[in-house]
Each structure stands twice: as structure tokens, then as C-alpha cells.
Amino acid sequence: MSLGEFYALAAAFVVLAIVIIVLPLTLARSSKARDALTNAQLVKGRLQEIEREVAEGVLGKEDKANAEKEVKLALVDERQETKALSSVSVGVMLFGALVAISVGAWVYANVNHLDGVMDAAQAPENLQSLSAKLLDPELAQTIQPDDIQQLALALRLRLRDEPEDAQGWMFLGRLRVTLGQLEESVAAYERSLQLRPDNTPTRVSYAQALMMTNQEASLKKAQNELSALLAQSPDNDNLALMMAVTSAQLGDAEIAQANFDKIKDKLAPDNPMRQTLEQRLAELGGVAKADQDNRALEITVDIAEALRGQVPESGFLVVFARSGEAKQGMPIAVKRQAITGFPITLTLSDSDAMLPELTLFNFDAVNLTARISNTPDVSAQAGDLEGNLVITSIATGPNSYTIEINKEIQ
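Residues 1 to 410 (the UniProt record's numbering) make up the sequence shown, in order.
Hints in this document: simulated from the structure, not taken from any laboratory. Misleading hints may appear alongside valid ones.
To be verified - Now the in silico label distances, taken between C-beta atoms and shown as ranges:
no.: 1; residue 1: S233; residue 2: T402; range: 50 to 58 Å
no.: 2; residue 1: Q410; residue 2: K220; range: 21 to 29 Å
no.: 3; residue 1: T402; residue 2: A380; range: 36 to 44 Å
no.: 4; residue 1: D198; residue 2: R158; range: 42 to 50 Å
no.: 5; residue 1: T300; residue 2: N374; range: 16 to 24 Å
Unchecked claim - Calculated pairs, DMTMM-like style, for lysine to aspartate or glutamate (alpha carbon to alpha carbon, straight line, at most 25 Å):
no.: 6; residue 1: K266; residue 2: D237
no.: 7; residue 1: K407; residue 2: D377
no.: 8; residue 1: K262; residue 2: E298
no.: 9; residue 1: K220; residue 2: E162
no.: 10; residue 1: K262; residue 2: E278
no.: 11; residue 1: K264; residue 2: E298
no.: 12; residue 1: K221; residue 2: D261
no.: 13; residue 1: K221; residue 2: E184
no.: 14; residue 1: K264; residue 2: E254
no.: 15; residue 1: K220; residue 2: E190
We put the beta carbon where it would ideally sit given N, CA and C, even for glycine.
When you get a sec, could you build the whole thing from the sequences and use the hints?
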């Protein structure tokens with residue numbers, strides 16, 4: 001429906017409302033007029049009757065004068081009442097019409113957003129002038145948020161008629177970013193990429209809009225998009241910086257550090273972006289170190305029923321790890337404790353390492369040994385009770401293991 005058709009329909013509704021109010025009042029007024037005419041005829045007949053009574057000698061001259069006066073006064077009173085009622089009716093009609101128009105205008109303005117409708121009507125006319133203003137370096141400095149809003153509205157209306165315009169959707173996405181409408185911006189870029197999926201500038205702008213949302217799902221989309229772009233342009237510093245920022249926001253320290261290293265020397269030491277990234281990477285490094293310090297294997301040691309009677313009363317439980325499947329050599333980590341009963345659960349971590357630079361989780365595969373001995377020494381002695389377990393992938397495997405002591409060293 002065009003704006004002109006809408007106005008015509010609105011005017012028709014207002015006229016209908018006025019007719020609904022005025023028509024009953026007009027009919028009532030006509031009824032009063034008919035009643036007044038009938039009463040006047042009755043008064044005329046009464047005066048004729050008085051003349052006849054005088055002629056017949058029923059009334060004297062004085063009685064005749066009094067009777068005529070009473071009839072005429074009654075007629076005057078009735079006409080004044082009719083006139084008053086007529087004035088009231090006119091006032092009611094005018095008031096009703098005014099109310100109908102006022103209510104219609106209020107409903108239209110508030111429900112149908114009159115300002116928005118007017119903006120939509122004027123937007124196409126402003127598209128060319130606002131576009132020219134943006135392209136002029138001097139005039140562009142005078143652009144106001146309302147101008148950008150008008151331009152976005154005009155462009156959106158044009159895209160309604162030309163939905164296959166990929167460049168138009170890209171420009172709309174940029175305008176939405178300027179207005180802080182990030183969700184609408186992302187949607188516009190996605191529409192543009194549906195039409196031209198290989199447009200690199202649009203893909204970069206799309207990734208930037210996703211980054212600005214600061215939402216995990218959007219940041220992951222941005223990371224994927226940037227990863228694909230970097231595969232095509234691995235030496236692009238802008239893409240590397242964007243990837244570093246996005247990965248840092250996601251807490252992906254490895255990817256963030258790798259990309260930051262590419263562009264770090266190209267940023268001044270006092271560059272705010274460099275300082276922010278360095279601070280964030282330091283935080284992520286601290287978290288990673290804390291996670292490493294907290295890494296541990298939870299080991300539950302039990303003993304075979306046939307060997308329970310051979311456990312020394314004052315013996316020691318020694319649990320240690322060697323690299324790979326080795327059964328000889330210096331252990332990587334060792335844990336010792338007195339025997340209190342089985343099963344026994346303990347933890348083996350990097351803090352139990354024999355050498356600080358040779359920690360448990362530096363190895364992919366380890367050989368765990370649980371031994372019951374009369375001494376806390378790692379060296380095996382005849383009569384010691386022992387059990388073994390080989391872990392082939394300590395990094396990706398579970399954190400909890402069970403070792404059964406099931407043999408006696410001869």
C-alpha cells in the first residue's frame with residue numbers, strides 16, 4: 001500500500017467516525033423539530049377554541065385575555081427549550097467530531113510510528129545526497145548519526161527492491177557497525193557473502209563485526225574466518241593482528257602468541273594494542289602455568305588377595321614412574337608413604353619429580369610401579385611385593401589409574 005492510499009483510507013475512517021456520531025444527533029434534532037411544529041398547531045387550535053367560547057358567551061373579555069396569555073406563554077417556553085436543546089446538540093456533534101479526529105491522530109502517531117513512516121518516505125530522496133556527502137572529505141566531517149541512520153534506512157529500502165546486490169549488503173553492514181547495530185551488521189555481511197562468498201574485503205569486515213560482539217560463538221566464527229583468510233594471505237599483518245586479538249579473547253594462548261609474534265616488532269612499545277595483548281598473553285601464560293602445576297595422576301594401589309599376608313607391619317609403599325616401558329634407570333617421579341591399609345589412593349605430579357627439568361608430564365608414555373618394601377628405597381630387594389602399569393599416552397589419557405600389586409621379587 002502506498003503512502004497516498006494509506007492517507008485516503010485514514011481519511012475515510014475519520015469521516016465514518018464523524019457520521020456515526022453526528023447521524024444519531026441529527027435524527028434526534030429532527031424529531032424535536034417535528035414535535036415543536038405539532039405543538040404550534042395545537043396552540044393555534046386552542047386560540048380558535050377560545051374565540052368560539054367568547055362568541056358563545058362562555059368566556060368574558062377578561063377571561064379571554066388571560067386564556068390567550070397562558071397559551072402564548074406556554075408556546076414561548078417550549079420554543080426556548082427546543083432552541084436550548086438544539087444548541088446542546090450542535091455542541092455535542094462538534095465535540096464528538098473533535099474527539100474522533102484527535103483519537104484517530106493519536107492512535108496513528110503512536111501505533112504506526114508516524115515519524116518512522118515519514119522517514120521511510122523521505123529516505124530514498126536522501127540517499128543520493130547523503131552518499132555524495134560521505135564521499136566529500138570536507139562534508140563527511142559534518143555527518144551526524146541521524147544522517148547515517150537515514151542512509152542505512154534508504155539503503156535497506158533499496159535492497160528490498162534489489163535483494164541480489166551483494167555490494168549494497170556490504171555497505172549496509174558497515175553502516176550498521178557505525179551505528180553500533182552489531183547483530184544487524186553481521187546479518188548484512190552474511191547476506192552479502194551468500195551472494196559473493198569469495199569477496200575478501202567483505203570477509204574481513206565480517207570477521208571484524210563478529211569480533212566486536214564479544215560473544216564466544218561469534219568469536220569462534222571470526223577465528224575460523226580469519227584462519228581461512230590467513231591461509232590465503234599468510235603475510236598479512238592486519239589479519240595476524242586480528243587473529244591474535246580474537247584468539248586472546250577466546251583464551252587460546254598458543255594461536256594468540258603465534259600471531260602476535262608475527263607483528264609484535266611492527267608495533268611501537270607504547271602501542272595500546274600491543275600492551276593489551278602482552279597483558280592478556282601474560283594472564284593466559286599464568287593460567288597455563290597454574291594448570292601445569294596442578295597436573296597430577298591419581299593412583300589407587302591395591303594388593304592381590306594371595307599376597308596380603310606378606311605385607312610387612314612397618315613397611316613402606318613406594319610409587320614411582322619411569323619413562324616409556326623402561327624397568328631400569330632413574331625414576332622420573334617418586335612418592336613414598338607408610339602402609340596403613342589397602343586400597344591406598346595417592347597423587348603423583350610434577351612436584352614429585354627427581355629433577356626440576358625432568359617432569360612427569362614431559363613424557364608421553366610412562367611405566368608406573370607400585371612396590372611394598374621394608375625400606376623407602378626405590379631399588380628392588382628380594383621379598384619386595386610389586387605391581388606395574390604402562391600408560392601409553394599420559395597427556396590424553398585419564399587422570400585416574402589403578403595398580404594391583406600381584407608379584408613377589410625373587
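Legend entry - Which numbered hints fail: The structure breaks hints 2, 3, 4, 8, 9, 11; every other hint is satisfied.
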